[in-house]
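Colleague: Here's the letter readout for the chains.
Number of protein chains: 2
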Amino acid sequence: MQVETEAIQHLRCAAHAAREASRVLAATGTDRRDAGLRIMATSLRDHRQQILAANSADLAAYSGTNAFRDRLTLNEARVEAMAQGLEDVAALPDPLGRILEEWTRPNGLRIQRIATPIGVIGMIYESRPNVGADASALCLKSGNAVILRGGSDSLNSARAINTALVQGLEAAGLPRACIQVPPNADRAYVAAMLAGAGLLDLIIPRGGKSLVERVQREARVPVLAHAEGLCHTYVHAAADPEMARRVVANAKMRRPGVCGATETLLIDRAIAAAQLPGIVGDLRMLGCDFRADAAARSVVPDLPAANDTDFDTEWLDAMLSVAVVDGVDSALAHIARHGSSHTDAIITEDASVAEHFLAHIDGAVALWNASTQFCDGGEFGFGAEIGIATGRIHARGPVGLEQLTTYRYLIRGTGQVRA
Amino acid sequence: MQVETEAIQHLRCAAHAAREASRVLAATGTDRRDAGLRIMATSLRDHRQQILAANSADLAAYSGTNAFRDRLTLNEARVEAMAQGLEDVAALPDPLGRILEEWTRPNGLRIQRIATPIGVIGMIYESRPNVGADASALCLKSGNAVILRGGSDSLNSARAINTALVQGLEAAGLPRACIQVPPNADRAYVAAMLAGAGLLDLIIPRGGKSLVERVQREARVPVLAHAEGLCHTYVHAAADPEMARRVVANAKMRRPGVCGATETLLIDRAIAAAQLPGIVGDLRMLGCDFRADAAARSVVPDLPAANDTDFDTEWLDAMLSVAVVDGVDSALAHIARHGSSHTDAIITEDASVAEHFLAHIDGAVALWNASTQFCDGGEFGFGAEIGIATGRIHARGPVGLEQLTTYRYLIRGTGQVRA
Numbered sequence: 011m012q013v014e015t016e017a018i019q020h021l022r023c024a025a026h027a028a029r030e031a032s033r034v035l036a037a038t039g040t041d042r043r044d045a046g047l048r049i050m051a052t053s054l055r056d057h058r059q060q061i062l063a064a065n066s067a068d069l070a071a072y073s074g075t076n077a078f079r080d081r082l083t084l085n086e087a088r089v090e091a092m093a094q095g096l097e098d099v100a101a102l103p104d105p106l107g108r109i110l111e112e113w114t115r116p117n118g119l120r121i122q123r124i125a126t127p128i129g130v131i132g133m134i135y136e137s138r139p140n141v142g143a144d145a146s147a148l149c150l151k152s153g154n155a156v157i158l159r160g161g162s163d164s165l166n167s168a169r170a171i172n173t174a175l176v177q178g179l180e181a182a183g184l185p186r187a188c189i190q191v192p193p194n195a196d197r198a199y200v201a202a203m204l205a206g207a208g209l210l211d212l213i214i215p216r217g218g219k220s221l222v223e224r225v226q227r228e229a230r231v232p233v234l235a236h237a238e239g240l241c242h243t244y245v246h247a248a249a250d251p252e253m254a255r256r257v258v259a260n261a262k263m264r265r266p267g268v269c270g271a272t273e274t275l276l277i278d279r280a281i282a283a284a285q286l287p288g289i290v291g292d293l294r295m296l297g298c299d300f301r302a303d304a305a306a307r308s309v310v311p312d313l314p315a316a317n318d319t320d321f322d323t324e325w326l327d328a329m330l331s332v333a334v335v336d337g338v339d340s341a342l343a344h345i346a347r348h349g350s351s352h353t354d355a356i357i358t359e360d361a362s363v364a365e366h367f368l369a370h371i372d373g374a375v376a377l378w379n380a381s382t383q384f385c386d387g388g389e390f391g392f393g394a395e396i397g398i399a400t401g402r403i404h405a406r407g408p409v410g411l412e413q414l415t416t417y418r419y420l421i422r423g424t425g426q427v428r429a
Numbered sequence: 011m012q013v014e015t016e017a018i019q020h021l022r023c024a025a026h027a028a029r030e031a032s033r034v035l036a037a038t039g040t041d042r043r044d045a046g047l048r049i050m051a052t053s054l055r056d057h058r059q060q061i062l063a064a065n066s067a068d069l070a071a072y073s074g075t076n077a078f079r080d081r082l083t084l085n086e087a088r089v090e091a092m093a094q095g096l097e098d099v100a101a102l103p104d105p106l107g108r109i110l111e112e113w114t115r116p117n118g119l120r121i122q123r124i125a126t127p128i129g130v131i132g133m134i135y136e137s138r139p140n141v142g143a144d145a146s147a148l149c150l151k152s153g154n155a156v157i158l159r160g161g162s163d164s165l166n167s168a169r170a171i172n173t174a175l176v177q178g179l180e181a182a183g184l185p186r187a188c189i190q191v192p193p194n195a196d197r198a199y200v201a202a203m204l205a206g207a208g209l210l211d212l213i214i215p216r217g218g219k220s221l222v223e224r225v226q227r228e229a230r231v232p233v234l235a236h237a238e239g240l241c242h243t244y245v246h247a248a249a250d251p252e253m254a255r256r257v258v259a260n261a262k263m264r265r266p267g268v269c270g271a272t273e274t275l276l277i278d279r280a281i282a283a284a285q286l287p288g289i290v291g292d293l294r295m296l297g298c299d300f301r302a303d304a305a306a307r308s309v310v311p312d313l314p315a316a317n318d319t320d321f322d323t324e325w326l327d328a329m330l331s332v333a334v335v336d337g338v339d340s341a342l343a344h345i346a347r348h349g350s351s352h353t354d355a356i357i358t359e360d361a362s363v364a365e366h367f368l369a370h371i372d373g374a375v376a377l378w379n380a381s382t383q384f385c386d387g388g389e390f391g392f393g394a395e396i397g398i399a400t401g402r403i404h405a406r407g408p409v410g411l412e413q414l415t416t417y418r419y420l421i422r423g424t425g426q427v428r429a
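Chains as they are written, first to last, in my numbering: chain W, 11 to 429; chain X, 11 to 429.
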């Protein structure tokens with residue numbers, strides 16, 4: 011008989027308490043959950059000094075890069091932003107109880123499909139401590155209990171934030187087990203969560219590629235994760251040239267490091283000579299570099315040559331792969347071969363070509379005459395998002411409150427039995 | 011460097027071809043897919059002799075139980091039923107392209123969420139050869155390519171059915187890679203499918219508990235599966251006594267072996283003495299046996315005593331656990347502790363108690379005054395189902411065509427860039 015590790019034992023207790031709490035939450039009205047979020051926001055503000063002191067302890071022990079140190083750092087403004095985030099989520103519409111469909115069967119049974127919480131969610135994230143507060147808010151609003159395992163670098167901050175949130179929960183009369191953190195930085199806790207089939211209903215990893223890949227590789231629990239965002243913008247022969255320059259510049263360089271940033275520009279051969287120099291010139295002014303195929307280099311000779319793997323590379327940086335294609339089907343074939351089914355755009359004034367592109371693309375988000383950087387929960391109007399999902403089931407694209415729900419059926423009869 | 015097994019190499023080729031095929035299918039109109047299904051039905055009928063000959067070879071090599079032999083056996087009527095099944099699916103509404111939601115953002119972006127195929131589905135099933143034809147029909151209709159790994163006992167039958175279906179596909183001008191079977195009975199193929207992250211988008215196991223548990227334990231791919239169906243019927247104090255007898259008898263004994271069969275009867279203390287003897291008497295007439303708690307036995311003394319694990323047992327047989335409870339919250343607590351979040355029913359004439367029950371239950375299906383055996387895709391009006399899902403994400407309850415789709419976003423703009 012295998013002896014359970016301390017981490018598994020703790021997770022089992024935590025998950026059972028979370029399951030009980032999730033059942034209470036699922037039957038709670040939106041007023042109660044929203045009041046809870048607002049009281050939690052107040053509690054965060056009231057615990058500002060304790061949170062900043064805990065964060066100082068994390069920072070004192072931290073020896074990594076300056077970029078990560080900045081992400082780990084809290085200050086009064088960042089605590090206030092977390093509190094404000096809780097209040098913003100409270101103000102969003104209730105995702106629970108929505109009647110998704112309803113119909114009556116010939117035998118008189120009335121069937122409703124309604125939105126309901128998923129249950130117990132495990133969240134595994136890296137150093138930014140505010141992720142814990144944001145995720146807590148979204149999970150509570152959507153009726154889910156959550157177990158939050160932040161990075162070991164931010165353990166003190168995460169615990170101080172959790173203490174504040176739980177005091178708010180209790181003041182609102184909600185179960186404290188709705189939002190939990192591990193008791194220590196034991197790395198075995200992550201393994202226990204990944205193995206936790208039956209204990210957790212869903213794991214959401216948020217962090218770098220190696221974290222996400224580990225979770226996807228090892229989890230025995232369904233995972234909602236963001237893997238790769240190799241996004242394309244295709245400038246079709248009938249594009250408005252001025253719009254193409256403006257949209258491509260934004261799609262690549264507004265924030266080159268976000269998942270919806272365009273990584274590859276496809277441009278039709280018929281207009282490459284006329285329009286590629288202008289597009290390249292704009293991007294160069296913004297600091298972008300290039301990897302281009304031979305046809306693109308024949309038009310703009312000083313573009314560096316692309317190698318075989320460049321079109322499969324998610325740069326997440328001021329770098330753009332460029333390829334010349336022969337019409338919309340050639341562009342679609344390139345995207346099918348090299349893309350990651352995330353977000354792709356076409357720029358054209360030809361509506362029938364645009365609709366052909368939208369109909370044949372495989373990714374979570376397809377845009378016509380707009381920047382790929384619109385792939386974002388806020389821009390979709392979701393109010394808040396917990397991340398972007400690149401899997402193909404349950405949820406695709408931005409994951410907001412609605413994507414943190416599932417459904418169940420209510421059937422009302424008058425004594426029907428099955429023949 | 012790890013050498014790939016032959017099974018993994020074959021799966022990789024098959025899955026890549028399936029991916030290409032799925033992209034063709036996704037952009038195919040419903041007329042084309044429906045015509046394909048009808049031509050496939052004709053092809054099945056035309057290949058009747060070859061299918062029955064292949065099935066005879068499987069039967070000749072088979073040495074298992076008679077019950078399984080019956081499930082493995084095909085005859086003219088069963089082939090005709092498969093063909094009819096394909097035509098029935100062709101007649102169902104198209105699950106693709108439905109606009110699930112649409113809205114316009116303040117910046118003018120028009121966002122649509124539309125139903126789209128999942129992609130490439132792996133189906134792992136046991137001896138009943140018709141499962142392959144049924145799953146092929148549902149996957150094709152919903153725009154998904156499918157790789158079907160049947161039981162090794164039915165390999166010849168599965169291959170003969172597949173040959174007929176693929177000839178139909180090709181005659182309809184659809185890619186043959188839409189529906190594939192492994193080249194041989196190599197057991198490593200199942201392991202390759204379970205490991206096939208990135209190759210398959212979803213695995214659906216259909217078969218006994220050990221198959222489903224293995225798939226859930228080992229799969230590195232999302233799984234839509236049926237685990238356990240520990241269903242309850244709760245007879246509330248305000249139940250119509252005649253209705254309670256009729257519904258409980260049906261919920262338990264119509265077909266005791268189906269997943270929606272009631273395994274535990276809960277009855278209110280206030281009415282146990284008056285109503286339990288009648289309910290028990292009806293069930294005894296139908297051949298049902300019992301495991302009852304002390305309070306139930308005080309009312310019907312000859313009921314056998316339940317032990318601690320009986321209320322956690324999915325009998326799937328002519329056996330019913332019986333417990334006395336004290337009102338709706340006591341019933342809900344019993345279900346939360348012992349249930350499997352599948353299907354549970356309340357029998358009562360009190361609407362407010364019924365609504366309390368429906369609001370607080372956790373399972374995929376909750377019924378008021380109806381038999382738990384209604385948990386079935388056909389009874390829901392889905393026309394056809396590939397199984398029942400007991401997980402909590404993507405799909406719960408009966409899995410029909412709609413549950414074999416996912417969604418993506420189409421965004422139409424006029425040159426918007428993100429600020």
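Because the hints were derived from the structure by calculation, they are not lab data.
Cβ coordinates follow ideal geometry from the N, Cα and C atoms, glycine included.
Hints are supplied without guarantee of correctness; some may be wrong.
[To be verified] Label pairs and their calculated CB-CB ranges:
| hint | chain 1 | residue 1 | chain 2 | residue 2 | range |
| --- | --- | --- | --- | --- | --- |
| 1 | W | D327 | X | V268 | 49 to 59 Å |
| 2 | W | S220 | X | C23 | 21 to 31 Å |
| 3 | W | P116 | X | R279 | 29 to 39 Å |
[Stated by the list, open to error] A short, non-exhaustive set of chain X residues, derived as facing chain W with CB atoms under 8 Å:
| hint | residue |
| --- | --- |
| 4 | I18 |
| 5 | R81 |
| 6 | N85 |
| 7 | L119 |
| 8 | G129 |
| 9 | A207 |
| 10 | M263 |
| 11 | L368 |
| 12 | S381 |
| 13 | G391 |
| 14 | I403 |
| 15 | R418 |
| 16 | Y419 |
| 17 | T424 |
Colleague: Are X/G391 and chain W close enough, Cβ to Cβ, to be under 8 Å, as the hint says?
Modeller: Constraint on X/G391 satisfied, holds at 6 Å.
Colleague: Would the stated hint for X/G129 survive a check requiring a Cβ distance to chain W of less than 8 Å?
Modeller: This hint holds: X/G129 lies near chain W, its Cβ roughly 6 Å from the closest one there, short of 8 Å.
Colleague: Should the interface hint for X/I403 be scored as holding, given a Cβ-Cβ cut-off of 8 Å against chain W?
Modeller: Hint on X/I403: holds, closest Cβ of chain W at ~4 Å, below 8 Å.
Colleague: Go through the hint on X/N85 and say holds or violated, using the shortest Cβ distance to chain W against 8 Å.
Modeller: 25 Å, violated
Colleague: For the hint on X/L119, does the least C-beta distance to chain W fall short of 8 Å?
Modeller: 6 Å, holds
Colleague: Min Cβ distance, X/A207 to chain W: is it shorter than 8 Å?
Modeller: 7 Å, holds
Colleague: Please check whether X/S381 passes as an interface residue: C-beta within 8 Å of a C-beta belonging to chain W.
Modeller: Where the cut-off is 8 Å and the nearest Cβ of chain W is about 5 Å from X/S381, the hint holds.
Colleague: Does the nearest C-beta of chain W fall within a distance shorter than 8 Å of the C-beta of X/R418?
Modeller: 5 Å, holds
Colleague: Tell me if X/Y419 is really an interface residue toward chain W, meaning its C-beta lies closer than 8 Å to one of theirs.
Modeller: At about 5 Å, which falls below the 8 Å cut-off, the nearest Cβ of chain W leaves the hint on X/Y419 intact, so it holds.
Colleague: Go through the hint on X/I18 and say holds or violated, using the shortest Cβ distance to chain W against 8 Å.
Modeller: 16 Å, violated
Colleague: Range first: 21 to 31 Å. Now tell me if the beta carbons of W/S220 and X/C23 are that far apart.
Modeller: 29 Å, holds
Colleague: Looking only at beta-carbon atoms, does the pair W/P116, X/R279 fall within the given range of 29 to 39 Å?
Modeller: 37 Å, holds
Consistency note: the structure conflicts with the earlier hints numbered 4, 5, 6 and 10.
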